[in-house]
Amino acid sequence: SLLFVDPTRVMVSPFSMDVTVGESIVLPCQVSHDHSLDIMFTWSFNGHLIDFEKDGDHFERVGGQDSAGDLMIRSIQLKHAGKYVCMVQTSVDKLSAAADLIVRGPPGPPEAVTIDEITDTTAQLSWRPGADNHSPITMYVVQARTPFSVGWQAVSTVPEIIDGRTFTATVVGLNPWVEYEFRVVAANLIGIGEPSRPSEKRRTEEALPEVTPANVSGGGGSKSELVITWETVPEELQNGGGFGYVVAFRPFGTVSWMQTVVASPDAARYVFRNETLPPFSPYEVKVGVYNNKGEGSFSPVTVVYSAEEEPTRAPTTVLARSLSASDVEVSWAPPWENQHKGRIQGYEVRCWRHDEKEENAKRIRTVGNQTSTKVSNLRGNALYHLAVRAYNTAGTGPSSAVVNVTTKKPPPSQPPGNIIWNSSDSKIILNWDQVKALDNESEVRGYKVLYRWNRQSSTSIIETNKTSVELSLPFDEDYIIEIKPFSDGGDGSSSEQIRIPKISNAYARGSGSSTSNACTLSAISTIMISLTARSSL
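Basically the numbering used here = 1-based index in the sequence shown + 105.
No lab work stands behind these hints: they were computed from the structure.
Every value quoted in this text rests on a predicted model; they were computed, and no experiment measured them.
Careful, some of the hints might be misleading.
[Claimed, not checked] Pair by pair, the computed Cβ-Cβ distance ranges are:
1. S322 x P241: 51 to 61 Å
2. P503 x K541: 46 to 56 Å
3. E158 x E341: 48 to 58 Å
4. N320 x K184: 53 to 63 Å
5. V277 x N397: 17 to 27 Å
6. Q475 x K571: 38 to 48 Å
7. N320 x M244: 34 to 44 Å
8. S369 x E315: 13 to 23 Å
Built from N, CA and C at the ideal position, the CB exists for glycine as well.
Just need the whole structure built from these sequences, with the hints factored in.
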């Protein structure tokens with residue numbers, strides 16, 4: 106028997122389109138067909154069947170109903186340009202519809218970048234355009250690289266702006282005697298393309314050096330020396346081979362220059378030695394440059410002093426006195442001498458214990474005309490020797506006579522104990538046991554009571570030579586209190602911190618001690634508050 110079926114027809118076919126790189130599109134393919142027949146859609150691209158499993162990143166079948174086999178292309182790349190064919194097949198017929206896809210993108214890389222001519226500061230380049238990728242090239246940019254640059258850098262050209270129809274340019278502002286390579290980048294309205302392959306490497310011609318050394322200075326050194334220093338000129342600014350320095354100097358106020366050639370491009374100092382060179386005298390100094398092409402210019406003139414002599418005299422009238430168990434004060438008078446024989450920059454105090462070697466002495470340097478200093482971190486009750494000498498950049502002068510000093514005995518090691526406090530009428534009365542100094546400790550001269558509010562950081566101090574103190578303090582704060590003895594040897598060991606809690610009723614009385622542990626509240630509102638502090642037991 107015969108079965109009549111409706112023919113299959115393409116109702117919406119794919120159509121040719123222009124798209125830009127990165128866009129996504131749908132190519133439609135919709136048919137009318139006899140629903141009693143199975144239907145199958147396939148797509149080909151440039152003659153090859155699209156594998157939707159493998160190419161799922163960019164190609165996807167969309168549409169849903171059995172009569173639609175639309176193709177979605179996501180995030181289009183230049184490589185997706187070409188012919189797309191939708192093929193529809195049933196068991197009885199087969200048809201297809203085609204469309205062309207044009208993809209516009211940034212230009213491809215320019216080709217054959219060539220250096221046609223090179224001078225000391227310019228290079229003449231030419232190139233061929235690459236693919237315009239369906240959007241006309243609007244401009245070219247030239248980039249350069251040298252052994253001294255960080256990657257590729259844009260360079261100045263003539264013409265300044267190179268339009269899309271120009272395939273030559275002159276690069277300007279190059280450094281002489283430097284190896285360059287160039288590349289060209291094209292741009293259109295869609296974007297900037299990939300750069301060309303680099304040209305060959307070519308060195309610019311030599312030229313006279315133009316950059317002079319920076320930071321010319323100097324000074325110091327040993328007797329009869331004039332030390333001159335400068336910052337080297339970087340290789341890319343030397344403008345040619347055979348680079349070196351010309352050092353010129355003359356005594357300040359004279360006319361003719363003495364000159365010397367330093368033939369190394371890496372040199373950064375020159376030392377002129379002459380026994381007749383007066384110490385610490387001013388010289389005018391300048392440093393110039395030269396290379397195979399000739400001499401460049403000199404740096405600005407600067408003043409540098411010849412080396413000094415060490416101070417030739419010792420300080421006089423050295424006195425030392427013990428301030429505490431760990432500190433000594435030393436004073437002295439400057440040596441008598443005229444200014445030109447060894448300028449004095451400061452003094453060096455050496456201090457060593459009687460049972461130590463002098464070469465291991467502690468050294469303290471002062472600056473300028475200061476004539477006293479403190480020596481700290483010494484051992485208590487020990488004999489020390491001290492000597493003073495002047496110094497400058499040339500070295501140290503002769504030493505003064507040695508003076509001796511014995512540090513004071515160390516402060517008492519025992520903290521105040523058995524601290525008891527009472528409060529009454531906005532006064533706090535503190536009592537504690539007397540601290541007894543040991544034989545090798547300084548006698549107790551009195552006590553320091555340190556107190557602060559619990560929430561305040563700054564501490565107040567009261568000194569007393571008794572073993573009690575009365576503090577007039579407002580009652581609406583917690584107080585933290587410490588007590589320590591002091592002596593000629595310095596401050597002794599501190600008691601533990603004692604906390605005196607605030608008392609809400611202004612007429613209340615309170616008391617406590619560092620040994621009591623009781624806390625009772627009697628009918629007449631006397632508050633006994635225990636304190637735990639380190640006792641002297």
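Results of checking the hints against the structure:
1. S322 x P241: 51 to 61 Å: 59 Å, holds
2. P503 x K541: 46 to 56 Å: 48 Å, holds
3. E158 x E341: 48 to 58 Å: 56 Å, holds
4. N320 x K184: 53 to 63 Å: 57 Å, holds
5. V277 x N397: 17 to 27 Å: Cβ of V277 to Cβ of N397: about 23 Å, so the range 17 to 27 Å holds.
6. Q475 x K571: 38 to 48 Å: Holds: the Cβ-Cβ distance is about 40 Å, inside 38 to 48 Å.
7. N320 x M244: 34 to 44 Å: With Cβ atoms ~42 Å apart, the hint holds.
8. S369 x E315: 13 to 23 Å: 20 Å Cβ-Cβ, so the 13 to 23 Å window holds.
Hint compliance for this structure: no hint is broken.
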